[in-house]
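First to last, the sequence lines map onto chains A and B.
Mapping the first sequence onto the numbering used here, position 57 (from 1) lands on 57, and the numbers just tick up by one.
If you count the second sequence from 1, you need to add 1000 to reach the numbering used here.
Hints in this document: simulated from the structure, not taken from any laboratory.
Heads up, some of the hints might be wrong.
Said to hold, decoys possible - Output of the computed footprint for chain B on chain A, the stretches with three or more beta carbons under 8 Å from beta carbons of chain B:
| # | stretch |
| --- | --- |
| 1 | 21–29 |
| 2 | 43–50 |
| 3 | 109–118 |
| 4 | 239–253 |
| 5 | 268–282 |
Stated by the list, open to error - Cross-link-like lysine-lysine pairs, in silico, BS3-like; alpha carbons within 27 Å at most:
| # | chain 1 | residue 1 | chain 2 | residue 2 |
| --- | --- | --- | --- | --- |
| 6 | B | K1078 | A | K250 |
| 7 | B | K1078 | B | K1225 |
| 8 | B | K1225 | A | K272 |
| 9 | A | K250 | A | K272 |
Predicted model only: the values in this text are computed from it and were never measured.
Yeah, the Cβ is synthetic: ideal placement off N, Cα and C, and Gly gets one too.
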Amino acid sequence: MSQASDFHFINKKRSNKLVQIKANWELYVLIIFPVAYFFIFKYMPMYGVQIAFKDFVPSQGIWGSAWIGFEHFQRFFDSYNFTQILKNTVFLSLLLLFIAFPIPIIIAIMLNQVAHHRIKRFIQTAIYAPYFISTVVLVGMVFVFLSPNSGLVNHIVVAFGGDPILFMAESEWFRPLYVFTEVWQNTGFASVIYLAALAGIDPHLHEAAVVDGASKWQRIRHIDLPGIAPTITILFILAIGNLMNIGFEKAFLMQTDINVDTSEIIPTYVYKMGIQRAEYSFSAAVGLFNALINLVLLIVVNRTVKRLNGTSLF
Amino acid sequence: MLSVKRKSNSDRWFDITNYTLLIGFTLMIIYPLYFIMIASFSDPNRIYEGDVWLLPRDITFEGYARIFRDSAIWIGYKNSILYAMLTAIIGTSLAIMAAYPLSRKDFYGRNIFMLFFVITLFFNGGLIPTYLLVRQLHLMDTIWAVVLLAAVDAFVIIIARTFFQSLPEELREAANIDGCTNMRYIWSFVLPLSKPIIAVLVLFAVVRQWNGFFDALIYLDDSNKYPLQLILRNILIQNQPTGSLVDDIQTALERQRISELIKYGVIIIAALPLLILYPFLQRYFVQGVFIGSVKG
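Please take these sequences and the hints and turn them into a complete structure.
Dropping the structure here:
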């Protein structure tokens, strides 16, 4: 192709773009509003993250405050409760990953074996409901049920001859309660995706297996599980990427002065130091540290899984 | 689907175990909810003695009567409805304004715009920079801090865009030939065809705002602006039923028992709107998740 026609081609392409933009000018007017919203409420805070490396003084603003490098990070690593907080965060996350992550898969597989359509539907509707209960009400229910003198759970404990347990005042109960309420609230919702994946498995596979005399258990192991493995993988990667983003609200609401040695996790610590004690730069650094761990975990796990079985998020 | 066969022994045992475990699990999920409901109608002394299990005992409406007389709860209720409505209107409008252009193949720059939104799913400023921004914008102690921060996110935009992409291209071409402008096309064709996705977006926003408490906790000072969840937190978790709820009761013991009754009642009252919406929520939330996960 000659240079002249090349030039002409590019020129024409450019004018096409302009025609296209001009014809759809209203769409650009529309999208300006959400763009402005995201710029202000999502990107401006990202810009503000730099205070983690600064000695932020409100009167001098984000830009005007002096750079001090990694001092806040160093202070966090050196603080007496650093190990404790990190341990609490990681331990709680791993508990959630190993208990609350697999249960929806198991429930979905079990529900998928229920031949009776109405029973299946009823169970689904029932276990899905707690998803819409607010964290405040959920934690409120925990307090009410576990109340040492009037709570249902302690009535049962006493009925079996035990002594009432002060659940909310004993730090070893924080993690079991956190994980249990997570399972109680989210299993129904989380199982929906797996149920859809199971419904997408070719029924001929099951028919053929039945003809060959495979039992239900064998069909689950050799047809259902491999069939939903890609879905499990993707959700597993996402779960790892959110490992350190433990639901802050619940931990915060379940925290009492007495269980603080297990319930203090990075997000609650950020809240305490940042909002209550106004140490903005320091707590922004702690928050950033948490976000970085997440990002690294996401990338590492995504790569590992990709190498192992070819499924990946990006 | 499958031909009727005599079940093998192992399959029969499988079914028995499966049903038993599932029923047990379902009971574990719904019994606490059921208990709260019957307890909210029962005599608090009977609850205290552990007599309330399957049916309400010595039915009383005292808890509800006290809740209905309490102004803080009603102010909270009113505020929550207002915030949920504003969040739904603003959030849904913003989501559509972003998602519709992004769904159009002839929208030049769509990939860059899309990236601009999607990045925020993976990176965010975090609590403290957001808090400082709200202060800087002078939104502290205004309802706009609570409404705007929860309005919309990239996930919602992806869901809406996926829906708009499914609208027939021919319709727009025909409208275009007839000289219909983009705005008129959106107004008279896109929006009327988009009722299901609008329902999804509105319900997402309502649930998010109705159940949220944290933004209100850090951004609002004036208790007249508190949403219901914040009032509930004081009653349920901080154990301080506001004075007017129980201050006419003489003995401390009685006061404590009535407080328990009030707790059961407010849980029901707070969950009521979403329980009424539950049939819609169940349908549209699942739909929304699927639309999102196809592309997400």
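Inset, instruction - Would you pick out the hints that fail for this structure and give their numbers low to high? - result: Hint check: nothing fails, all pass.
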